[in-house]
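Novice: Protein chains in written order, with the working numbering: chain A, 271 to 607; chain U, 271 to 607.
Some clues are possibly wrong.
Copies of one chain are not kept apart here, so a pair can be met inside one copy or by any two copies together.
Heads up, simulated EDC-like pairs for lysine to aspartate or glutamate below, C-alpha to C-alpha not over 16 Å straight-line [to be verified]: (1) K508 / D306; (2) K552 / E480; (3) K409 / E375; (4) K409 / E368; (5) K274 / E377; (6) K274 / D306.
Derived from the structure by calculation, the hints contain no laboratory data.
One letter stands for each residue in the lines below.
Protein chains: 2
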Amino acid sequence: MKLKQIMLDHGSGGLASQELIEKLFLRYLDHPLLADMEDSAVFSVPGTRLAMSTDSYVVDPLFFPGGDIGQLAVHGTINDLAMRGARPLYLSLAFILEEGLSYGELEKIIRSIAQASKDAAVPIITGDTKVVERGKADKIFINSTGLGVVAPDCQISLTRARPGDKIIISGPMGDHGLTIMSQRSGLSLSGDLASDTMPLHGLVEQLLDEFGPAIHTLHDPTRGGVATGLNEIASHSKVALEIMEAALPIRPQVAAGCEILGLDPLYLANEGKVLIFVAADKAQGLLNLAHSRPEGREAAIIGQVQEGPAGRVSLITAIGGSRLLTPLQGQPLPRIC
Amino acid sequence: MKLKQIMLDHGSGGLASQELIEKLFLRYLDHPLLADMEDSAVFSVPGTRLAMSTDSYVVDPLFFPGGDIGQLAVHGTINDLAMRGARPLYLSLAFILEEGLSYGELEKIIRSIAQASKDAAVPIITGDTKVVERGKADKIFINSTGLGVVAPDCQISLTRARPGDKIIISGPMGDHGLTIMSQRSGLSLSGDLASDTMPLHGLVEQLLDEFGPAIHTLHDPTRGGVATGLNEIASHSKVALEIMEAALPIRPQVAAGCEILGLDPLYLANEGKVLIFVAADKAQGLLNLAHSRPEGREAAIIGQVQEGPAGRVSLITAIGGSRLLTPLQGQPLPRIC
């Protein structure tokens with residue numbers, strides 16, 4: 271009999287758990303370390319300077335134009351590693367499943383995870399599955415934790431933005447956040463609006479190969495969007511940032527959707543964009559290289575770093591005025607990733 | 271105004287998230303790598319052979335005699351690393367919080383995590399917090415993922431149990447599982463029944479220092495209990511196991527509680543026990559050393575490994591009969607950890 275839905279028994283650690291792992295998870299996720307089903311995965315790494323990052327994914331809905339929760343769980347954690355200049359090596363994956371989750375949906379998510387992991391060449395080597403009673407979770411929550419290796423001389427950090435640096439964004443803002451919000455509101459916006467979820471480690475690796483020490487800070491503006499990300503950097507690096515509104519890349523359908531839903535693209539989550547702080551004399555070269563890759567085809571210089579006041583982010587508006595850009599506050603956009 | 275409960279805003283990645291992290295999490299969890307609040311933690315490790323393990327904790331109730339969900343999240347993942355002979359180095363921590371969770375309960379859990387992490391000397395270096403709407407989770411779920419370093423010559427694995435090995439358990443079975451089940455059933459069993467949650471890496475490290483290559487397999491029998499764990503080892507190592515019922519350490523209050531609730535201690539979860547498969551000539555020495563430590567004070571030899579049939583686990587009953595010990599099946603004990 272084909273399994274129709276997840277039962278509590280699948281989380282008990284007994285035969286049913288084992289069957290779920292063997293018949294579903296290992297069918298798609300087939301790295302030998304995972305298939306070993308040991309208490310932990312043991313492996314060798316090419317260096318002793320490492321990066322580790324964790325994220326849980328609770329996005330609602332699970333499937334949306336451009337992606338699903340499974341892709342987010344792979345891309346999001348890979349990107350968090352890449353933001354420190356790390357080369358992602360391995361991921362762990364932990365599921366919290368709600369009793370009654372359809373087996374078909376779970377299979378679709380696992381396939382998507384497997385594909386994303388394969389495309390990114392970052393295998394899943396250890397995992398965990400828990401099941402909670404109906405009504406005690408929302409279908410599926412996923413945690414992924416990533417491990418990467420960092421070059422000995424790489425010093426990329428939120429603290430290293432320097433006066434004079436140019437600020438580059440790798441492409442248009444807000445696609446992911448608006449896609450989720452419009453799905454949830456039931457609005458059908460322009461047909462080609464989709465999440466931007468994608469792994470950025472390939473782009474970052476090439477940029478670092480070419481411009482290594484000139485790149486000071488990398489940050490993926492997910493929850494809280496570009497405005498919140500810039501505030502974090504301004505405050506960690508104790509500098510002021512000046513952003514040119516006219517230079518911000520925003521797709522017309524995102525601008526229009528934001529107007530309808532009363533949202534600001536500067537605060538919408540992105541799942542495939544990186545903010546790059548680079549020494550001014552390398553900015554144009556870096557931009558050209560970014561344009562040569564699919565992840566950075568629409569990259570743009572959006573501002574620069576100033577001495578101070580420390581922590582201030584200003585937006586120079588299209589008509590030449592200036593307004594303060596604060597972090598996201600009092601505008602909850604829950605379960606966006 | 272003192273915060274009374276968690277709101278959706280605490281998961282939006284904006285100011286409220288930042289305040290929660292700074293005022294609560296970083297107040298108790300103060301490792302510099304965590305306090306950096308970077309996209310990922312970057313650090314150096316003392317070796318290139320590593321172990322990684324992930325677990326989500328969904329235990330219900332959150333607080334129980336002997337421990338709480340926070341302690342489990344620290345001990346459980348540390349133990350999974352130790353089961354491969356790894357020395358645990360670092361943990362990540364990811365929370366999924368339900369809107370409305372009492373701030374006081376969360377604080378109590380964070381304090382407990384901080385204490386457990388400090389006692390075990392395994393710091394938390396990176397984290398994540400998501401908040402979902404009321405009714406979409408059950409107060410709090412925690413994922414912890416651990417990283418450890420493994421000696422180059424250490425080969426401990428579920429596959430390495432060998433005919434002739436003695437099987438040792440580090441103490442009495444079923445304390446954790448019965449504690450949770452009795453709390454949930456509302457039964458008040460004997461007053462000193464409590465979870466056995468504890469970190470085992472100290473014990474394992476000392477055993478390995480002394481008996482290194484003679485130790486073939488380590489396994490912590492959590493979900494599914496000792497019977498399921500033994501089945502996993504028998505099947506991975508392609509050997510048969512023979513367990514002496516009379517030798518199994520079970521506290522009288524656990525035996526009594528199991529009778530009342532209709533549970534079998536062999537299938538109850540343990541959170542501070544390890545099954546050790548050791549070459550026969552070292553078994554007594556290892557047992558003596560275990561007895562000298564608090565984690566192993568009540569350790570006992572409970573059986574031995576035989577050639578075959580591969581995968582079979584037999585229980586030799588107190589009256590000399592033999593019955594097959596199968597993995598846990600059709601008896602869901604959900605949310606035990």
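Novice: Does each hint fit the structure? Answer for all of them.
Specialist: Outcome of the hint check:
| no. | hint | result |
| --- | --- | --- |
| 1 | K508 / D306 | between (47 Å within a copy, 14 Å between copies) |
| 2 | K552 / E480 | within (10 Å within a copy, 57 Å between copies) |
| 3 | K409 / E375 | within (9 Å within a copy, 25 Å between copies) |
| 4 | K409 / E368 | both (5 Å within a copy, 14 Å between copies) |
| 5 | K274 / E377 | within (11 Å within a copy, 40 Å between copies) |
| 6 | K274 / D306 | neither (27 Å within a copy, 45 Å between copies) |
Violated hint: 6 only; the structure is consistent with all others.
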